Amino acid sequence: MAGAGVSIRGLWFTHAHAPAPALRDVSLEIAPGELVGIVGRNGSGKSTLCLALNGVVPHLLPGERIGSVVVGGIDPATTTVREMARVVAMVFDDPDAQVSQTTVADEVAFGLENLGVPWGEMDGRIRSALTAAGLGGLERRDPATLSGGEQQRLAIACAIAMRPSVLVMDEPTANLDPAGRAAVFEIAARLHRDDGMTVIIAEHDVEALAEHASRVIVLDAGAVVMDGPPAEVFGRIAGASDDGVAVPEVTSLAARLGERPGRPMPVTVDDAVAWLGDAG
Amino acid sequence: MNDAPGELGFVHGASWLHRLSPIPKLAWLTSVVVFAFVSFNAAILASIVIVGLVLATSAGILAHAVRALALLAPLAAAILLLQSIAPAVCGGACTPVASLGPLTIYEEGVARGLTFVLRILAMETAAILVLQTTHPSDLFAALARLRVPYLLNVMIALTLRLVPVLQREVRIVLAAQRSRGMRGTGLAAVVPALVPVFAGTVDRVGQLAISLESRGFGASGPRTSYRRIGFSTRDLVLAVTGVAAGIAAVVATIALGPTASPAFVVPAGAAVALVAAALVVFAGSLVRAAMAIGRA
Amino acid sequence: MSEAPSPIVEVRNVSFRYGRNGPPVLEHLDVEVPRGQVVALAGRNGSGKSTLARLLNGLLRPTTGSVVVGGLDTSRNPPRRMAAHAGYAFQNPNHQLFASTVAAELAFGPRNLGVAEAEIAERVADAAARLGLEGVLDRHPYHLERGARKLVAIAAVVTMRTPVLILDEPTTGQDRRTSAMVRALIDDLGAGGTTIVCISHDMRLVADAADRLLVLDGGRIVADGTPRAVFGDLSAIARAGLAPPQITRLALRLPKRAEPWPALTVDELAGAVRHGAADAS
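Chains as they are written, first to last, in the working numbering: chain A, 758 to 1037; chain B, 14 to 309; chain C, 4 to 284.
Source of the hints: derived by calculation from the structure; they are not laboratory data. There's no promise every hint is true.
To be verified - Listed next, the stretches of chain B that the computed footprint assigns to chain C, with coverage defined by at least 3 CB atoms under 8 Å from CB atoms of chain C:
#1 160 to 166
#2 178 to 186
#3 209 to 218
What you are looking at is a predicted structure, and each value in this text was computed from that prediction instead of being measured. C-beta atoms are modelled at their ideal positions from N, C-alpha and C, and glycine is treated no differently.
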């Protein structure tokens, strides 16, 4: 399941009845296998951008769309959300609103059945997806009895069993405790690193993104205002005084102590230890 | 989060009834339901209930089945009560047997009411046997195999899923309003609670729809099925027998007409005791419901 | 703070289970909270935080032991009487909101408490200003996005001006700007004498706003102290499924510097590092 690329050109989108566009002239090229974080204040267009990648925008959430989106060679606007499921898998923020079946195994099987995966392949795929999500052995459990963190990992297992080229997660850890949050990011990082899957995560948890993402995109009022490696993007925000987007605390510290020309700004604790150690 | 499964839900087990394919079970269930719908024969209806309870015992789910049957006690009591004091069968020409205060109990009404209750019990016993010994996923797979449209299948499954979720939501919403000093109990408290529950449900269903479609629900091309429903020759024979028995019973009932439903007379003392018991059960369930709302 | 005359919240030997035969959710808890303290409750999902919070405003009653808030025993007073003493902002705003405008939602609680209309108007305006809701008072709560809806749910309890305020994950779904508003609200109310119990996974909020951090794990209190003291014991907090804020984790990796230690904020650590550098030179 090698990753696919995403190409967005001049994308504008205005939700039906909304006074202002949710996305303004967004252009992005995401290479196969990248792990991209999308950050921005509430209402900056993060969710709309995620949903445009599998066609929920504009098929299920209608509005006016200008520009083009191409994911794995297909523009979601020209096909249906269900067909896009062969290419893009989505994980949403509310774990409770994603489960529909009566056992964990049936939950994972649901997507495979929809895609017509042969019966003989299902058990293997279900087992490996559940193992990857750390839920091995829970096949017979009722998803409603899982914790929020487990339900969210189940949603990820459902996504990866479908072998998508692109995995999109819209604030996947918003409702989880710290341990649940860490588990979600570790799984995402493993899919990116070991399987070469393209992973796109909209998140408020910038410290976790800084740890795992290869690239961070900042949205503001629907437009891309920054795009680059975490150290560069968070370093620039920490230097400015923006009150909308959080940056890792260690990056704020480095900005407070004064940037060092030629040295990338620290974004993780390890970076910061090294950065401070070189202070001399 | 860990709400106990409803009384009607699947009971884990490995009995012969659990292992039996859902298809013959559904065949027999359909036959019993259709027959109970047309029959007024109290003796046969009562036998169905007894056979059902014997089967439940052999499947090791008797206690669960009885608890589920008890859920319908208030409804059964209400029917018996209503039929006994205001029978629909003989207009004004019924035979009074006794009076309880202002209420007059009619002989035909008691017999009629009992028959109705037996009909419900027969249908419910059969339904409980199937629901409690068949994993929901196998049940849906069987329905799919019987060519029940997949969309309908998913809708039933989702509705069943939403019931416990809604129960939980109502409890939390009532708690939230009470903790803001909301006065009033019973209906006065429940009505404003419906607003957030309804709004929350619309929200949730919308999200669920997006989530299901994002997972390819309704995609073109052939669907496959994860659950394999076994269907041996023995199952086929059982299913055909069930359907045949049902058809025969229904045809016989209709052909024989009223003679197939011999009138029976409940002795006056027994009639009064029955109606009094029904009154207690019905009033008791009302009080319990009111208390549950007050506590929530 | 410990020399306050009598605690406003007294939890004495409380155990709790749902139903008669449910597993124990809380076991033999003893907590006293002095008036005006800001207490954070943290722990993994299922550790008993929300249950403890619901015991404090009488939505749940202890299986054994007693909970006394503002002198009222919750086992003897119905939730709607406790409502005047302990307000509770639920985690999911959808559970709470039902009025047709934000203004009506904010007025609902104080009206139930019998507050005069003129004062209700003043309280609504004040709460709206604190959480940046002035512009949406006429809107329907369900037409707001989830983050803003959550702020409405918090404001709707703030207008009740209860001596004890319980907030359940107030910063979930908030961005940096609105999180800062929540934090300022807690600071102001706490300084004004309101006792605040805040359930949160947001360790930044805990470090900034709380006087005291209670960590629950498996229905027991496993740590109780200032956030600085609790975060200082990395292995204990990790066992409870938590991690200190990033800046504190960095501080704990560095050689110990000037008090206060470990640093909880960027300012503190920046000061300590500059100080340390000055010492070294």
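Going down the list of hints, with the structure as the test:
1. 160 to 166: Answer violated; 0 residues pass the 8 Å Cβ test.
2. 178 to 186: holds (count 3)
3. 209 to 218: Satisfied; 4 residues make the cut.
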